[in-house]
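Below, each chain spelled out in residue letters.
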Amino acid sequence: MNINAQIAKTYIVTNKKLTGVAVAGVVLGMSIYIFMNSMLLGFDKASSKSIFKTTPHIRVYKDDEISRPLVSSNGKKMLLINPKIVPAKNTIINPGLVISSIQKMKDVEIVTSQVNANIFYNSGKSQITGLCSGINPEEADRMYAISSTIVEGSLGALKGNPNGILIGSGVSDKMSLRVNDYVNITSSKGLNKAFKIVGIFKTNNSVIDKTKSYVNVLSAQQLLKEGNVYVTDINVNIKNPDDAEKIAIQISASTGYKAEGWRQANETLMAAQRMRKIIITFVSTTILLVAGFGIYNILNMTITQKINDIAILKAMGFKGNDVIRIFVTQAVSVGIMGVIGGMMMATLIITLLQHIYVGGDIGYFPITYEVTKYIQGIVVGMVITFFAGYIPAKKAANIDPVEIFRR
Amino acid sequence: MKILESKSISKYFTDPVEFQVLKDISFDIEKGEFTTLVGKSGSGKSTLLYVLSTMDTDYTGKLVIDGQETGNMTKDELAGLRNEKIGFVFQFHYLLSDFTCLQNVMLPALKLGKLSNKEIEERAYQKLAMLGLSDQALKLSSKLSGGQQQRVAIARALINDPLIIMGDEPTGNLDSNNTRIVFDIFQELSKNYGQTIIAVTHDDDFASKSDRIIELKDGEVIRS
Ligand SMILES: Nc1ncnc2c1ncn2[C@@H]1O[C@H](COP(=O)(O)OP(=O)(O)O)[C@@H](O)[C@H]1O
Ligand SMILES: [Mg+2]
Numbered sequence: 001m002n003i004n005a006q007i008a009k010t011y012i013v014t015n016k017k018l019t020g021v022a023v024a025g026v027v028l029g030m031s032i033y034i035f036m037n038s039m040l041l042g043f044d045k046a047s048s049k050s051i052f053k054t055t056p057h058i059r060v061y062k063d064d065e066i067s068r069p070l071v072s073s074n075g076k077k078m079l080l081i082n083p084k085i086v087p088a089k090n091t092i093i094n095p096g097l098v099i100s101s102i103q104k105m106k107d108v109e110i111v112t113s114q115v116n117a118n119i120f121y122n123s124g125k126s127q128i129t130g131l132c133s134g135i136n137p138e139e140a141d142r143m144y145a146i147s148s149t150i151v152e153g154s155l156g157a158l159k160g161n162p163n164g165i166l167i168g169s170g171v172s173d174k175m176s177l178r179v180n181d182y183v184n185i186t187s188s189k190g191l192n193k194a195f196k197i198v199g200i201f202k203t204n205n206s207v208i209d210k211t212k213s214y215v216n217v218l219s220a221q222q223l224l225k226e227g228n229v230y231v232t233d234i235n236v237n238i239k240n241p242d243d244a245e246k247i248a249i250q251i252s253a254s255t256g257y258k259a260e261g262w263r264q265a266n267e268t269l270m271a272a273q274r275m276r277k278i279i280i281t282f283v284s285t286t287i288l289l290v291a292g293f294g295i296y297n298i299l300n301m302t303i304t305q306k307i308n309d310i311a312i313l314k315a316m317g318f319k320g321n322d323v324i325r326i327f328v329t330q331a332v333s334v335g336i337m338g339v340i341g342g343m344m345m346a347t348l349i350i351t352l353l354q355h356i357y358v359g360g361d362i363g364y365f366p367i368t369y370e371v372t373k374y375i376q377g378i379v380v381g382m383v384i385t386f387f388a389g390y391i392p393a394k395k396a397a398n399i400d401p402v403e404i405f406r407r
Numbered sequence: 001m002k003i004l005e006s007k008s009i010s011k012y013f014t015d016p017v018e019f020q021v022l023k024d025i026s027f028d029i030e031k032g033e034f035t036t037l038v039g040k041s042g043s044g045k046s047t048l049l050y051v052l053s054t055m056d057t058d059y060t061g062k063l064v065i066d067g068q069e070t071g072n073m074t075k076d077e078l079a080g081l082r083n084e085k086i087g088f089v090f091q092f093h094y095l096l097s098d099f100t101c102l103q104n105v106m107l108p109a110l111k112l113g114k115l116s117n118k119e120i121e122e123r124a125y126q127k128l129a130m131l132g133l134s135d136q137a138l139k140l141s142s143k144l145s146g147g148q149q150q151r152v153a154i155a156r157a158l159i160n161d162p163l164i165i166m167g168d169e170p171t172g173n174l175d176s177n178n179t180r181i182v183f184d185i186f187q188e189l190s191k192n193y194g195q196t197i198i199a200v201t202h203d204d205d206f207a208s209k210s211d212r213i214i215e216l217k218d219g220e221v222i223r224s
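As you go down the protein sequences, you meet chains A and B in turn. Just so you know, this note's numbering puts the end of the first sequence at 407, numbered straight through with nothing missing. Just so you know, this note's numbering puts the end of the second sequence at 224, numbered straight through with nothing missing.
What the hints contain is simulated information worked out from the structure, not anything from laboratory work. One or more of the hints may lead you astray.
Quick look at which bits of chain B chain A covers, simulated, 3 or more residues with Cβ under 8 Å [what the hints assert, rightly or not]:
1. 10–23
2. 74–81
3. 106–114
In this text, all values refer to a predicted model and were calculated from it rather than measured experimentally. Positions of the beta carbon are idealized from the N, C-alpha and C atoms, including for glycine.
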């Protein structure tokens with residue numbers, strides 16, 4: 001071992017109390033940093049997961065058009081303008097072509113058409129408003145993992161069954177409907193049709209469970225009194241949901257229809273997510289910085305205590321850089337011990353939290369061991385300890401031994 | 001051969017009032033000379049020794065050590081020179097308290113890095129034995145008496161076989177028996193090994209037995 005490192009080691013070992021306090025500070029800072037940032041990621045993942053249970057990564061639809069003046073003004077002021085929504089049908093023309101053109105795009109995984117209809121569920125005298133989605137069961141299952149939410153019956157029974165329907169658990173509870181019962185549905189177009197319940201799903205999102213149902217696309221088109229080319233939405237899932245906005249722009253450009261990424265569609269949730277991120281990042285970084293101040297203070301104390309040693313070492317021919325190395329080695333050793341301890345502590349905290357049941361559509365506390373956050377914590381922790389050591393060490397290096405000896 | 005040349009060295013303190021602590025000090029010291037530096041308290045002996053040891057660079061005049069003009073050397077170069085060529089025993093500040101006596105003695109040699117750890121340890125034991133401290137080698141230095149600590153500091157000053165050994169009252173804390181031992185060691189080093197000794201002392205007997213006495217009074221050399 002190099003002589004400077006040896007001296008640093010001696011100071012660490014003989015000053016166990018101070019070392020212990022400094023290490024404890026880093027352990028605390030590190031573990032909270034890793035844990036809070038892992039939690040942040042866990043929250044984000046859980047919230048996107050719950051979003052993706054009912055929302056595609058990208059939704060392609062025909063946007064309402066606003067009427068434009070028939071005659072352009074040529075720079076002169078318009079006297080009569082009265083912009084209104086053009087009463088056009090919100091339908092995608094030639095959906096088959098649009099779907100196949102989207103399917104050819106890079107990173108696109110699933111493309112499926114959907115027809116949404118506002119409906120009433122009638123059973124006996126009770127009536128509930130709801131939303132019925134006409135889907136292609138196989139594709140929709142791949143997109144929303146519907147089958148994982150089924151509590152009774154099965155999704156498979158919906159395939160090729162124009163009279164089958166999947167209803168939310170809330171609907172079934174309210175109307176005391178079970179699998180194999182019939183439910184009468186009235187569409188906004190006034191059409192009445194009885195469907196046989198083939199399954200009941202429970203997403204744990206109560207709004208959805210109380211309103212939503214799934215039927216085949218064809219049945220939904222029928223409810224709306226439309227033909228089999230009538231498609232309101234084309235839903236797209238892509239490889240990486242984070243690219244949704246980027247790919248939506250490409251889809252929009254190539255198809256001419258409005259394509260909206262899931263973030264845009266859930267702006268409020270995203271805003272909450274951003275706020276959470278700012279707060280957690282701020283708090284966790286502050287805690288790590290405080291741990292850094294701890295090291296800084298303790299090293300300052302050590303240097304004050306060892307000022308006589310530093311003077312003797314310099315008199316014996318140790319250079320300014322040697323002194324810096326001694327104290328930076330000490331700080332970095334404390335940092336390494338703290339970082340290792342912090343990682344273990346963070347792992348412990350995360351493991352404990354993972355076993356806490358929070359309920360709702362989240363279930364267990366949504367936190368995982370985020371390797372990137374561990375690495376980030378190590379890097380940030382080590383950089384902070386380095387500087388917390390370097391600043392006082394630099395001061396120690398400039399100590400004039402003669403001044404000390406004259407005391 | 002001249003090992004150390006002091007050419008009209010002057011030094012001022014400005015705090016609290018300006019006053020000249022060293023006044024135009026010039027002398028040469030030959031290799032192997034055993035010189036003592038005497039003078040009343042406050043005459044500037046310690047201050048001069050700090051200048052001669054290259055630790056204090058805030059002076060006017062010229063200092064040449066082993067043929068090297070020190071005025072234009074950087075701090076790091078001076079540190080290297082001290083490590084290799086000068087052994088120093090301080091007036092009050094002796095040892096690193098967290099280290100054993102043996103480790104304290106080994107430090108300058110470990111820094112120099114010319115010998116293996118094992119060789120350095122052997123040498124350190126030798127030096128400690130020479131000063132009658134073999135049995136204290138593995139004790140923490142802070143557990144020793146003042147006189148013992150001072151002797152460990154002397155052993156440390158010798159470890160790199162420096163050209164010049166400087167001591168600021170190196171026997172100030174020692175009884176007459178140990179003072180005699182240290183004197184004999186210094187004498188042997190200068191006679192047999194050609195090492196140069198510059199020691200500040202208040203002990204007239206110690207001074208009178210040395211090769212040469214330089215006397216300071218109010219920052220001036222009045223005898224050399
Ligand atoms: N840092 C300082 N600032 C101002 N005066 C000092 C300082 N250090 C020493 N002196 C003064 O310089 C003179 C010489 O001091 P010193 O070299 O320690 O004397 P000696 O070692 O011969 O007793 C004394 O008068 C002392 O008071
Ligand atoms: Mg003195």
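These are the hints, each one checked on the structure:
1. 10–23: Since 0 is below three, the answer is violated.
2. 74–81: holds (count 5)
3. 106–114: Our answer is that it holds, as 6 residues pass the Cβ test (under 8 Å) against chain A, meeting three.
In terms of the numbered hints stated before, the structure departs from hint 1 and from no other.
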